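Trainee: Each chain, letter by letter, is given below.
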Amino acid sequence: MPTSTNLFLRVVSFLCPRRWDWLLLALYAVGFALAHWVAGFWGGRGFYSLWFPAAGLRLALLWRAGPRLLPWVALVELASDAASGLLWFGMPDLAMAVFGVVRPVLAYGLTVAVIRWLAGGTRANVLIAPMPFGLATFFAPFVAALFALPQALYLPELTGVRGAREVVESLAAFTVGDLLGVLSVGPPVLWIGDLVTGRDSPPKPPPPAAALEASLVLGAALAAGNLLQQIGLGDATTLTLLAVVWIGMRFGRGAAWIAIALTLLLTLHRSAGALSTGDRLVLHLHLASLAVVGYLAGSFAEAQRRARRDLERRDRLLFQAERLKTLRAMSVAVIHEISQPLSTLAIEARHLHAITRDADPEVAASSALIDRKATTLAGLVRRLRRFGGRAADEPSPLPVAALIESVAALAAPEAKAAGVALSIAPIDPDLVVLGQEVELAQAIINLLRNAIQACEDGRVELKVSREASRARIVVANRCTGTPHVAEGMGVGTHIARAILEAHGGTLVRERLSNVMRATVTLPRFGEAV
Amino acid sequence: MTDKGPVYVVDDDADLGASVARLLRRHGFAAEAFLDPAMLLRFYSEAPAACIVTDVMMGDLDGFGLADAIRAIDPAAAIIFMTAWPTTANAVDSVRRYGGLDYLEKPIDEDRLVAAVEEGVEWASRRRSALARTRALTPRERQVFDLLVKGHSNKVVAGLLGLSPKTVEDHRAAVLAKTGANGLAQLIALAL
Numbered sequence: 004m005p006t007s008t009n010l011f012l013r014v015v016s017f018l019c020p021r022r023w024d025w026l027l028l029a030l031y032a033v034g035f036a037l038a039h040w041v042a043g044f045w046g047g048r049g050f051y052s053l054w055f056p057a058a059g060l061r062l063a064l065l066w067r068a069g070p071r072l073l074p075w076v077a078l079v080e081l082a083s084d085a086a087s088g089l090l091w092f093g094m095p096d097l098a099m100a101v102f103g104v105v106r107p108v109l110a111y112g113l114t115v116a117v118i119r120w121l122a123g124g125t126r127a128n129v130l131i132a133p134m135p136f137g138l139a140t141f142f143a144p145f146v147a148a149l150f151a152l153p154q155a156l157y158l159p160e161l162t163g164v165r166g167a168r169e170v171v172e173s174l175a176a177f178t179v180g181d182l183l184g185v186l187s188v189g190p191p192v193l194w195i196g197d198l199v200t201g202r203d204s205p206p207k208p209p210p211p212a213a214a215l216e217a218s219l220v221l222g223a224a225l226a227a228g229n230l231l232q233q234i235g236l237g238d239a240t241t242l243t244l245l246a247v248v249w250i251g252m253r254f255g256r257g258a259a260w261i262a263i264a265l266t267l268l269l270t271l272h273r274s275a276g277a278l279s280t281g282d283r284l285v286l287h288l289h290l291a292s293l294a295v296v297g298y299l300a301g302s303f304a305e306a307q308r309r310a311r312r313d314l315e316r317r318d319r320l321l322f323q324a325e326r327l328k329t330l331r332a333m334s335v336a337v338i339h340e341i342s343q344p345l346s347t348l349a350i351e352a353r354h355l356h357a358i359t360r361d362a363d364p365e366v367a368a369s370s371a372l373i374d375r376k377a378t379t380l381a382g383l384v385r386r387l388r389r390f391g392g393r394a395a396d397e398p399s400p401l402p403v404a405a406l407i408e409s410v411a412a413l414a415a416p417e418a419k420a421a422g423v424a425l426s427i428a429p430i431d432p433d434l435v436v437l438g439q440e441v442e443l444a445q446a447i448i449n450l451l452r453n454a455i456q457a458c459e460d461g462r463v464e465l466k467v468s469r470e471a472s473r474a475r476i477v478v479a480n481r482c483t484g485t486p487h488v489a490e491g492m493g494v495g496t497h498i499a500r501a502i503l504e505a506h507g508g509t510l511v512r513e514r515l516s517n518v519m520r521a522t523v524t525l526p527r528f529g530e531a532v
Numbered sequence: 045m046t047d048k049g050p051v052y053v054v055d056d057d058a059d060l061g062a063s064v065a066r067l068l069r070r071h072g073f074a075a076e077a078f079l080d081p082a083m084l085l086r087f088y089s090e091a092p093a094a095c096i097v098t099d100v101m102m103g104d105l106d107g108f109g110l111a112d113a114i115r116a117i118d119p120a121a122a123i124i125f126m127t128a129w130p131t132t133a134n135a136v137d138s139v140r141r142y143g144g145l146d147y148l149e150k151p152i153d154e155d156r157l158v159a160a161v162e163e164g165v166e167w168a169s170r171r172r173s174a175l176a177r178t179r180a181l182t183p184r185e186r187q188v189f190d191l192l193v194k195g196h197s198n199k200v201v202a203g204l205l206g207l208s209p210k211t212v213e214d215h216r217a218a219v220l221a222k223t224g225a226n227g228l229a230q231l232i233a234l235a236l
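Read top to bottom, the protein sequences are chains A and B.
End of the first sequence = 532 in our numbering, gap-free, step of one.
End of the second sequence = 236 in our numbering, gap-free, step of one.
Please note that a few of the clues may not be correct.
As the list claims (entries may be wrong) - Across the chosen pairs, the derived CB separations fall in these ranges: (1) B:Pro119 with A:Glu417: 23 to 31 Å; (2) A:Ser369 with B:Arg179: 50 to 58 Å; (3) A:Asp433 with B:Ala229: 43 to 51 Å; (4) A:Pro364 with B:Arg179: 52 to 60 Å; (5) A:Ala411 with B:Arg156: 24 to 32 Å; (6) B:Arg141 with A:Leu330: 54 to 62 Å; (7) B:Arg141 with A:Thr509: 20 to 28 Å; (8) B:Asp59 with A:Val511: 46 to 54 Å.
Claimed, not checked - Rough simulated footprint, nothing fancy, chain A against chain B, three-plus residues with beta-carbon under 8 Å: (9) 74-83; (10) 217-230.
Because the hints were derived from the structure by calculation, they are not lab data.
Here the structure is a predicted model, which means the values were calculated and not measured.
Quick reminder that beta carbons are idealized off the backbone N, C-alpha and C, glycines included.
Isolated chain A, as found in the complex (with noise of 0.2 Å):
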């Protein structure tokens, strides 16, 4: 069937890798060896190892790519487990073997998936970024724990353990191999792939007053749980486990893990094969904790921080709405105190020019050049006063050509005063959008009014089109440097944005080469929307 064969194309399509997957697919094979062999020295009988780093290199790659990589992601792994020699046909299970290997994959793909389901859309509140990626780090290993279960419990001689209590430290210490993996390397790995693709901006140095203070609290943890431990009083990571969470709370993710990697490099190397299994697991079960809670706490500081910048963004908003609702109730009042003595004015200035038109030349052409300064007042003072009314006027079909011309209108005299053109490319006048003429008008005008701001060479082009069910509307200036965001811009658009869309439009912002362009479409009236 043919939609069967086009399912099957798309899907091949969607799962096949595309330029730069193949290079990250490349790079995913060194370092997993890499991590793979590293995590050897931490290894058990009945486990793999006590600190599994390929599992940072997993998580980062399939949440900065996708769940799309999944399968490539597995074969990686396969072909990587084999080069070194822990599959090969012929070994006994080798089914169960490549499933053992597929598994996790498995598992944390499909943490990765549902975790950015929930932060999708307006579903969660705490999932304000980075928040996702911190859950992701502390699910994805117990996901995987939790897919091995099964497996654990109905044929636990594939891994070489004998006993529920071999079973539970298997598994125990493979989750805790895999929490303190991913949370030594995903994060810094996600990082510099971020800086690499530009998706984040090179770090500013700390203000020295944070380094001091990080390091302070960090080091006196340490010291004093060093003491507690020279003098027999048990391993004192708690300590640490405080002094992490503290600078992640103050300092946000970069900070905590800068702290968890230092006492992950104090410490990792001394259970590197010397401890009991069990006081191994204990400490290491300690160092996930406060890796685990250290980082979730600086996640959660930096979305609090970006929460509140939303708030306070939106809190300018309202101060701005506030500001023009003041402006256009003052306006309405001046209209109307102009609009009555202009009424008598044009009268008496129409009167003026009709009994003195046989009159003395100069009286003559001095009468009618007030009467007609009067009418193009009054009709101005009409044309203001529907753009500043209180009524609010049901959506009705506009012609483009009429909206652009009052737009313009009212655009002009701020163009003239930036001493910039504003050309307007002639317009369809069949073409009619159905909406509120005042809404629209001042979402096209906030984008008038963004180009003029931004443009350099004094010329600000507006061109209407027709498209299929559309109407096309274009903003575009010249601007070669950096683009200087004046203050209140982003609002502009922000509110033009907000326009458009309640009248099932959109609106683009593109840098084209050295032109800026504000692209509006919106549905044709008659049109199904």
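Please arrange chain B on chain A, whose structure you already have, making use of the hints.
Mentor: Here is chain B on its own, set in the frame of chain A:
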């Protein structure tokens, strides 16, 4: 040219009222400006208007209140509203509820104002003569008239009023004679 009217212009802006009145006078209307609607109402019954041009937003009594007061004493005056605060709701009300002939936005479109006043004066004179012709009817004749113009036959009218068809026929003839109408169609036109 005899002046058409009278036309009363009511606006709490003295200059504008005077200006509009002067404009209308130039177009052959006997126009007069009033600053206060209450003053107009005090002497209105002595000199009823053909047409009233009134501002909507005024002090104590606004344009709509004035329209109601005028309608109560004179159903034959045409009323035109003008306003500096136009709203769709007021525009609809002015025509539907207050029997306005037009609703003009300030600054005023002169041609439209003059055309509206022209129409108003004509309408008022037609209305006034129709009212004059039905004024002479007795109460009983008036009842018969009211039912006839609704399209009821003599028989039905007789039944409704508890009269004999013969009496109704007499009343009908009296109504036609007094109003000078020569048939039901003209009677209906008078009632409109």
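Trainee: Please go over all the hints and tell whether each is borne out by the structure.
Mentor: Comparing the hints with the structure gives:
{"no.": "1", "hint": "B:Pro119 with A:Glu417: 23 to 31 Å", "verdict": "53 Å, violated"}
{"no.": "2", "hint": "A:Ser369 with B:Arg179: 50 to 58 Å", "verdict": "55 Å, holds"}
{"no.": "3", "hint": "A:Asp433 with B:Ala229: 43 to 51 Å", "verdict": "46 Å, holds"}
{"no.": "4", "hint": "A:Pro364 with B:Arg179: 52 to 60 Å", "verdict": "58 Å, holds"}
{"no.": "5", "hint": "A:Ala411 with B:Arg156: 24 to 32 Å", "verdict": "27 Å, holds"}
{"no.": "6", "hint": "B:Arg141 with A:Leu330: 54 to 62 Å", "verdict": "33 Å, violated"}
{"no.": "7", "hint": "B:Arg141 with A:Thr509: 20 to 28 Å", "verdict": "43 Å, violated"}
{"no.": "8", "hint": "B:Asp59 with A:Val511: 46 to 54 Å", "verdict": "53 Å, holds"}
{"no.": "9", "hint": "74-83", "verdict": "violated (count 0)"}
{"no.": "10", "hint": "217-230", "verdict": "violated (count 0)"}
This entry does not satisfy hints 1, 6, 7, 9 and 10, going by the numbered hints stated previously.
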